[in-house]
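Enquirer: Residues per chain are reported as follows:
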Amino acid sequence: MSTTSRVLTAAIALAWLAPRAAFACDEAERLRLADEIANLAQKNAWSGVERKYGELLRTKCTLEFEQYSLGAESAKNLGKTYEMYERLDAAQKIDPQEELASTLSQLNENYGRVEVRGDARRRAALLREQMPFAPDQRKSIEYAQSVMEGTGSFKGMLPIGGPYKVADKEFSVEAGPEWQEVVVGKGKGPKTTGGTGGGDDFSDQGLINWVGPIAFIGTGFFGSGSPKGPIYRTDAPDEDLLRGPVVGRPSDPDYPCNGNPDALVTDANGQDACLPTIRQPKDIAMFNTPNIDITAGGEVGLTYRAPEMGVAATVNYRRMFGSRLNQITVWGAGVVRPGAFRFAAGPTWGVVAGTATGFADWVDEGQSDVFREQQQSQAEAPGFGMGGGFAGSAGYGVLEIAGFQGLVELHGHWQRDNLRNYSGIGIRFGIVPKIERFEG
Amino acid sequence: MMIRRLLSVSLLVGLVGTASAGEVRFTGEGHAYNPVWSLDGKHLAFEVNNYGDRSDLHISVVNGEIAKDASKVNLPGGGGPFGGSQVVVNPAWHPQGIVVFEGSNTGGQFRLYYYQPGGGAASEMISTTDVPGDITFPAINHKGTSMIFVADQTGNGDLYTRDTNTGKVSVAMQTDVAEMFPQFDAGGSKILFTRKQNNTEDIFELALATGAESPVTGGNNDQTRPNYAAGGVVYFDNSRDSQSWDVKYVSGGNAKVLAKSVRLPLRARPAISPDGNWVAYGFEDPTKSDSIMISKVDGSKNVEIKTPYNACGEPAITVQNGKTLLAYTALPSSGADYRRLFVVDITGKL
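Protein chains in written order, with the numbering used here: chain G, 1 to 440; chain U, 1 to 350.
Treat each hint with caution, since some may be false.
Stated by the list, open to error - Have a look at the derived ranges for each label pair, beta carbon to beta carbon:
#1 U:LYS306 - G:LYS43: 49 to 59 Å
#2 U:LYS143 - G:VAL311: 51 to 61 Å
#3 G:SER146 - U:LYS306: 50 to 60 Å
No wet-lab data here; the hints were simulated from the structure. Ideal Cβ positions, reconstructed from N, Cα and C, are used throughout, including at glycine.
Given only the sequences and the hints, what does the whole structure look like? Please build it.
Expert: Set out below in structure tokens:
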């Protein structure tokens, strides 16, 4: 295995191991974030506390009482009442305190659990004619309204009573641990004008959620097994037929024509002859053929509900270092983007052209055994193939770059022409359009 | 003439026997002051002042004369055993059962906080970004759709309103002098308030829709802590003698004395019954201080509520499920260290 191959193998292994690392607790990061949260809380910078709390959760570490407490406080200040409840509940489990129990009990008495299931594309507004007096209850409703506006649905706690209205559904919230479900249709009301007044109130989203270019560069391996042979040239002209001593070889077990009766034909002179085979490169070993991979295209998001879905179209170029082969494919893919992940899969059509080294061992053009062995190992075999295939990728967003999401992704592809399969795997880094998601 | 008046007063005064009172117990030491009933009469908020480093707000759930042990309201950050001193005073109730009050942690600014009985710590009602500085004197209209308060961000006490539905805070009145004791009328369209100017405090009324202000009453010294009552306004007045306070009623510009030399509550307005027809008060006179007197605001009737205690004062009246309840504070005995809070059922006596 060459040095390049080793480096590539290590990179792919690293990419495979990286998600595993993402599921382990990052204790140093937890301590740093906990410190930052405490400082922000002292400054009443609750949005900052909430953001850092989210990062703290992503460390996958077990949180302490203080962190749950401050997380609850930030949720309270932002109107995220259910999140506040959950964090207080977690804090209470660590250190049962009378005041926490009392707050949890008060939340249960004054708020109810509500799940509004709406249409992410045609978002109904959550309305309440008379807002409650207490600012935290008011914030709770305002937060729910912002979630509805951002996603079309809401799951959380709302102050009891009402009435509330979403599209044509009017409901009152009742206290208790049960989730109250409100299913909202697409509705026929007018487009939203904002406000908390009566009447249907919708916010229509466009057909396209996101659109933008995508580009990747990476590396990988490419391989192709040689086709099963021998494959004879049935249309070979008379002068190409193999005759005399070259018709089969005495060393072959079933002389003549290498034991294949289908290859035995009669030439123009009525003599026995054998069909020659076509010329095909030998197999291309996957891990000996590293390549550079360049992809460009565009992506369009067509849905709003998570996980968001869309389509992508790309042109991909791969240059194989070991065999001087080139592959160009076009790819039409369905795309699913749950959270920071991106999965794409779909058909391809491509061309493989270039020169490989060595012929398949069944290539028989009447050459001598010595020459045949030489051809099989050293001769350059120019070739050209085209056909359809399939490709897929799985990526994870690692950073944001000026409105784009930077991804690392693993990909695999397969293509077949009439004779043989071409396949490859690799890792690449690139950008895709960033989805503007509601972040409460 | 004087004898005839005394006779008529004694006839009008209901000779009510010593009422049995339920004590509202609380933890900590201090004088109980300023009881304020929730609108449904089921909760009683009151201050406990140790005349040292703290004045706490306590809330008790009351059922008839039976009051549960009161629980203390903690300001944010003040709930721990080593929480600093806090001053929590002047509660006002919203129809939704939420109490709003002034609070200050360790000598800081007074801000408005709110608390729902049964919950954890109180929360700040109005952020400093909305209104900086001290904010005090919260009052809520009967429907709960608006709150008024005094803010001193300009250096003088100005009146601000907060709309419950929109959450917006607006200036209702801004002058070069201090306005205090704002209160909504029953319809929520007018605000009663006092203004301190040239060392004398007078009472005014503000029409919210037009911003027009009109004097209600004035005079020597202070006319203060006005409270809307049936057909007029009841207030405390020391124009007769700067050292003693009278309870007065004014209607259509005509003021009359309802009681003289009353015990001025620590910070409360005259205690008006929910129907607006009655006003309750205690006396400075030690010989009368074992009673709470309740007078009809038109002056036609007085009802004396005798108690077994001394120095009775700080009354508050409510109606709870058809029962009329009176809360008051008193010294349990002449040598007692602290004033305690009691609730007595006076149903049928008014």
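Enquirer: Each hint should be assessed against the structure and marked as holding or not.
Expert: Here is what the structure says about each hint:
At about 56 Å, the CB distance of LYS306 (chain U) to LYS43 (chain G) agrees with the hint of 49 to 59 Å. Separated by about 55 Å at the C-beta atoms, LYS143 (chain U) and VAL311 (chain G) satisfy the suggested range of 51 to 61 Å. Hint check: SER146 (chain G) to LYS306 (chain U), Cβ distance near 59 Å, so the stated range 50 to 60 Å holds.
No hint from the list above goes unmet by this structure.
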